[in-house]
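*Asks:* With the hints as your guide, set chain B onto chain A.
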Amino acid sequence: MAAMTTARPTSRPSEGRPSVVQTFLSRHGGMMPTFAAVAILVLLFIGGEIFLRGDFIKPLTISNLLINYAYLLVLAVGMTFVILTGGIDLSVGSVMAFTGMLGAKLLADGSPVWIAVPAMLLGGAVIGLFIGILVQYFGVQPFIASLAGLFLGRGLAFIVSLNSIKVEEPAVVWLQSTRMKLGDWVITPTGIIALVTVAIAAFVLHLTRFGRTIYAIGGSEQSARLMGLKVGRTKVAAYVISGTCAGLAGLLLTAYSNAGYPRNGIGTELDAIAAVVIGGTLLTGGRGYVLGSMIGVFVYGTIKTIINFMGAEQAWMQIIVGSLLLLFIVVQRAIVARAEGRR
Amino acid sequence: MDEVRPLLELTGATVRFGADAALDHVDFRLYPGEVHSLMGENGAGKSTLIKAITGALAMDEGELRLGGEPVAFATPHQAQAAGISTVYQEIELLPNLSVAENVFLGREPRRGGVVSRRLMREHAAAVLEDLGLALDPASLLGTHSVAVQQLVAIARAISADVRVLVLDEPTSSLDLDEVAELFRVIRELKARGVAILFVSHFLDQVYELADRITVLRDGELVGEYLTGELLRIDLVQKMLGREIGEVRARGRVHEDDAVDGAAAVLRARGVSVAHGVADADVDLAEGEVLGIAGLLGSGRTSLAHALTGVAHLEAGVIRIESADARLDSPRHAISLGVVYSSENRRRDGIVAELSVVDNITLALQSERGVFRRIPPARRRELAASWVDALDIRPPDLDRPVGTLSGGNQQKVLLARLLALSPRVLVLDEPTRGIDVGAKVEIQNLVSELADNGMSVVFISAELEEVLRVGDRVAVMRDGHIVETVAAADLTTDSLLALVAQPTEGED
Numbered sequence: 001m002a003a004m005t006t007a008r009p010t011s012r013p014s015e016g017r018p019s020v021v022q023t024f025l026s027r028h029g030g031m032m033p034t035f036a037a038v039a040i041l042v043l044l045f046i047g048g049e050i051f052l053r054g055d056f057i058k059p060l061t062i063s064n065l066l067i068n069y070a071y072l073l074v075l076a077v078g079m080t081f082v083i084l085t086g087g088i089d090l091s092v093g094s095v096m097a098f099t100g101m102l103g104a105k106l107l108a109d110g111s112p113v114w115i116a117v118p119a120m121l122l123g124g125a126v127i128g129l130f131i132g133i134l135v136q137y138f139g140v141q142p143f144i145a146s147l148a149g150l151f152l153g154r155g156l157a158f159i160v161s162l163n164s165i166k167v168e169e170p171a172v173v174w175l176q177s178t179r180m181k182l183g184d185w186v187i188t189p190t191g192i193i194a195l196v197t198v199a200i201a202a203f204v205l206h207l208t209r210f211g212r213t214i215y216a217i218g219g220s221e222q223s224a225r226l227m228g229l230k231v232g233r234t235k236v237a238a239y240v241i242s243g244t245c246a247g248l249a250g251l252l253l254t255a256y257s258n259a260g261y262p263r264n265g266i267g268t269e270l271d272a273i274a275a276v277v278i279g280g281t282l283l284t285g286g287r288g289y290v291l292g293s294m295i296g297v298f299v300y301g302t303i304k305t306i307i308n309f310m311g312a313e314q315a316w317m318q319i320i321v322g323s324l325l326l327l328f329i330v331v332q333r334a335i336v337a338r339a340e341g342r343r
Numbered sequence: 001m002d003e004v005r006p007l008l009e010l011t012g013a014t015v016r017f018g019a020d021a022a023l024d025h026v027d028f029r030l031y032p033g034e035v036h037s038l039m040g041e042n043g044a045g046k047s048t049l050i051k052a053i054t055g056a057l058a059m060d061e062g063e064l065r066l067g068g069e070p071v072a073f074a075t076p077h078q079a080q081a082a083g084i085s086t087v088y089q090e091i092e093l094l095p096n097l098s099v100a101e102n103v104f105l106g107r108e109p110r111r112g113g114v115v116s117r118r119l120m121r122e123h124a125a126a127v128l129e130d131l132g133l134a135l136d137p138a139s140l141l142g143t144h145s146v147a148v149q150q151l152v153a154i155a156r157a158i159s160a161d162v163r164v165l166v167l168d169e170p171t172s173s174l175d176l177d178e179v180a181e182l183f184r185v186i187r188e189l190k191a192r193g194v195a196i197l198f199v200s201h202f203l204d205q206v207y208e209l210a211d212r213i214t215v216l217r218d219g220e221l222v223g224e225y226l227t228g229e230l231l232r233i234d235l236v237q238k239m240l241g242r243e244i245g246e247v248r249a250r251g252r253v254h255e256d257d258a259v260d261g262a263a264a265v266l267r268a269r270g271v272s273v274a275h276g277v278a279d280a281d282v283d284l285a286e287g288e289v290l291g292i293a294g295l296l297g298s299g300r301t302s303l304a305h306a307l308t309g310v311a312h313l314e315a316g317v318i319r320i321e322s323a324d325a326r327l328d329s330p331r332h333a334i335s336l337g338v339v340y341s342s343e344n345r346r347r348d349g350i351v352a353e354l355s356v357v358d359n360i361t362l363a364l365q366s367e368r369g370v371f372r373r374i375p376p377a378r379r380r381e382l383a384a385s386w387v388d389a390l391d392i393r394p395p396d397l398d399r400p401v402g403t404l405s406g407g408n409q410q411k412v413l414l415a416r417l418l419a420l421s422p423r424v425l426v427l428d429e430p431t432r433g434i435d436v437g438a439k440v441e442i443q444n445l446v447s448e449l450a451d452n453g454m455s456v457v458f459i460s461a462e463l464e465e466v467l468r469v470g471d472r473v474a475v476m477r478d479g480h481i482v483e484t485v486a487a488a489d490l491t492t493d494s495l496l497a498l499v500a501q502p503t504e505g506e507d
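Protein chains in written order, with my numbering: chain A, 1 to 343; chain B, 1 to 507.
Same shape as in the complex, but just chain A (with noise of 0.2 Å):
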């Protein structure tokens, strides 16, 4: 074909057909961040079970992970969707807090499981609505939009209740007490939900439309707008998203502690956003991986765990993911400073 030239494998002095490795690169350039959080999680457990003497790497202890967490990975799944747009949203861990506080008080107050439920994920998303329509209509910064948001949910917790309110309920107490047992291997009912959640994102991100438009406005808003794409709604819906993910993690929260507590979640928003950077989504929008978000919150259980079988000081917690943070926006760096030196 005459135009072979200019379809040769760019920037590549190396002649003739592209390398498995070359063309694998091309493709998937995306994902180099996401594979570099496996390694560390590798390493971690790896490095756990060198400290603990053989006794972290077991089932019971990968188990525990999903079990402790599954609030935290439901809030990083909705928040993979805000930051891959580009935006990023702080009220989670508050708007976290007050559906918790708004279906334990509303289970106290007698109401049925079944109106309860609804109303938390209803809270969450209506928040999640207020704030991007304030990012998209009002052009108002993501940042203080969310953080307005942040105030907002947490001002709504205290005012449901000041004190915390227990939860008896049993379709809510079932979601964390009930453990099915597979060999070794234990899950909940809140673990499961928690992976359909990660399920349906990854559908919902890779697979529609709307997932593929989420993409395109965190590659280039312009661009998606210039291309006909339905930039205004999907950037709302992306906040409405992570508003309703807060609303859920806000009943395996409730579940998880048998109580809601309008002090729960302060800075979670910023656990969520680290899992999400750490499991490779850049910040800067339009590249990144729900499944990386999974993998970031893994991580992050993992070095609460070791930190926590070693007995040492929490603050350990703050200061080893602060680093990784730190290295893991270096590497993003380098991979958008490489991507934009080759335009």
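Since the hints were derived computationally from the structure, they do not count as laboratory data. Glycine included, every Cβ here is placed at the ideal spot set by N, Cα and C. Just so you know, not all the hints are guaranteed correct.
What the simulated footprint calls covered on chain A by chain B, stretch by stretch (three residues with Cβ under 8 Å from a Cβ of chain B suffice, anywhere in the stretch; the number is not a length) [as the list claims (entries may be wrong)]:
# : segment
1 : 217–223
2 : 226–236
With a Cα cut of at most 20 Å, we get these calculated EDC-like pairs of lysine to aspartate or glutamate [unchecked claim]:
# : chain 1 : residue 1 : chain 2 : residue 2
3 : A       : K230      : B       : E108
4 : B       : K238      : B       : D24
5 : B       : K190      : B       : D130
6 : A       : K230      : B       : E92
7 : B       : K51       : B       : E220
In silico negatives: residues of chain B with every beta carbon more than 12 Å from chain A [stated by the list, open to error]:
#  : residue
8  : V4
9  : T11
10 : R110
11 : S139
12 : F202
13 : E321
14 : E462
15 : T491
*Replies:* The following block gives chain B in isolation, referenced to the frame of chain A:
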């Protein structure tokens, strides 16, 4: 050919921005299977016309017909749906997605409501092959060169049912091989009966590709011509226009003696800037005005950037007062007495919201640093003296500069630079978009400054002006200084010929 009707017909198109008409009753037509070039300098209304056709901008008056039917597009999306696709100068695609997705985003092939990646890859491969591109559709767009990305943008444009393809300066970031590849694709589309609107600054490319040329100037239609019947020199003349103003003749002090290197205030050798200037030599003597003549895209602005530390030099040396100067920033250049006034006054020049005083003293204050504030009384005194000296009207120091006329804004900008007492003043199109009276004033001012020993580089699209103000004129074409001639030895026509002349090996 007579019974062929235009596919797209624009009549009486008028677009106003405030009081100014960016497009004034312009007619334009596009036949199927032809390449039609839209020509004009900066501000001629080319991009406005394109936007009117592609639905990016609403017309105040005028009618658009597509295939004989009157149409009105509120958004680019509607125009696309009607078969008008646009490829922009800046590649408006998504580097983070695959080639196939970039081709089909927004109308992905779906199977049962689910995007089918396999179908999308197959369709994309077919479209790419149609264009003669052997490209892995699953690879990320960002891994390919700019040229390939540009071709993918075209693949996107033609993968829909395209009747009209608008190419807005698609070649500005491509090298020669890549341009040839693009042209091959364009010719193929033309053979299929697509109507192509091709905008480019490069005359060679226009003459190679276009069947027909429409020339715009200052928002007005100059005329429509068959390429074969329009000489290059006539085209350039129509683009630049002519205008005779009254100017005080200036005693040409330097025209006889060619500047010898030692006396040069500024001396550049072999200066190159990526995608701009290649291997340019410049000598500028004390009190000399060096005019730069060249068409848009000839590298005239890049040269100005190279001389003033705005652009990073790929090669070459610049000596100021016979000392090597590595100009790594405009700030550094200013400290050596070289100041630059941008061609884009509104964006890179004045601060429209600030007052006349603030604008004039801005650079001076910045030069002195934060800790040595100019006392307010001194600032006003200084500004008042410049307002007086340059006759800035109205002489109201506290007025926001944005409310002044274009000519007076330009004077404020000049005052700011002159307040730095520079040795070399680089003016990039200082008279663009200002009225004739103000133009003449600025030309006279430049002459006066030079008479008082300042060295000036004066860039303008208007050849008469360059000749009138310059002692010598450097002619630029395709990023090269092709000749430097004493202004006295040139006439407008001979300069026009130099500016328009095709590169060697053609015609």
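*Asks:* Evaluate each hint against the coordinates.
*Replies:* We went through each hint and held it up to the structure:
{"no.": "1", "hint": "217–223", "in the structure": "holds (count 5)"}
{"no.": "2", "hint": "226–236", "in the structure": "holds (count 4)"}
{"no.": "3", "hint": "K230(A) - E108(B)", "in the structure": "holds (14 Å)"}
{"no.": "4", "hint": "K238(B) - D24(B)", "in the structure": "holds (17 Å)"}
{"no.": "5", "hint": "K190(B) - D130(B)", "in the structure": "holds (14 Å)"}
{"no.": "6", "hint": "K230(A) - E92(B)", "in the structure": "holds (16 Å)"}
{"no.": "7", "hint": "K51(B) - E220(B)", "in the structure": "holds (16 Å)"}
{"no.": "8", "hint": "V4", "in the structure": "holds (30 Å)"}
{"no.": "9", "hint": "T11", "in the structure": "holds (27 Å)"}
{"no.": "10", "hint": "R110", "in the structure": "violated (7 Å)"}
{"no.": "11", "hint": "S139", "in the structure": "violated (4 Å)"}
{"no.": "12", "hint": "F202", "in the structure": "holds (20 Å)"}
{"no.": "13", "hint": "E321", "in the structure": "holds (36 Å)"}
{"no.": "14", "hint": "E462", "in the structure": "holds (34 Å)"}
{"no.": "15", "hint": "T491", "in the structure": "holds (44 Å)"}
Of the hints listed earlier, those the structure fails to meet are numbers 10 and 11, in rising order.
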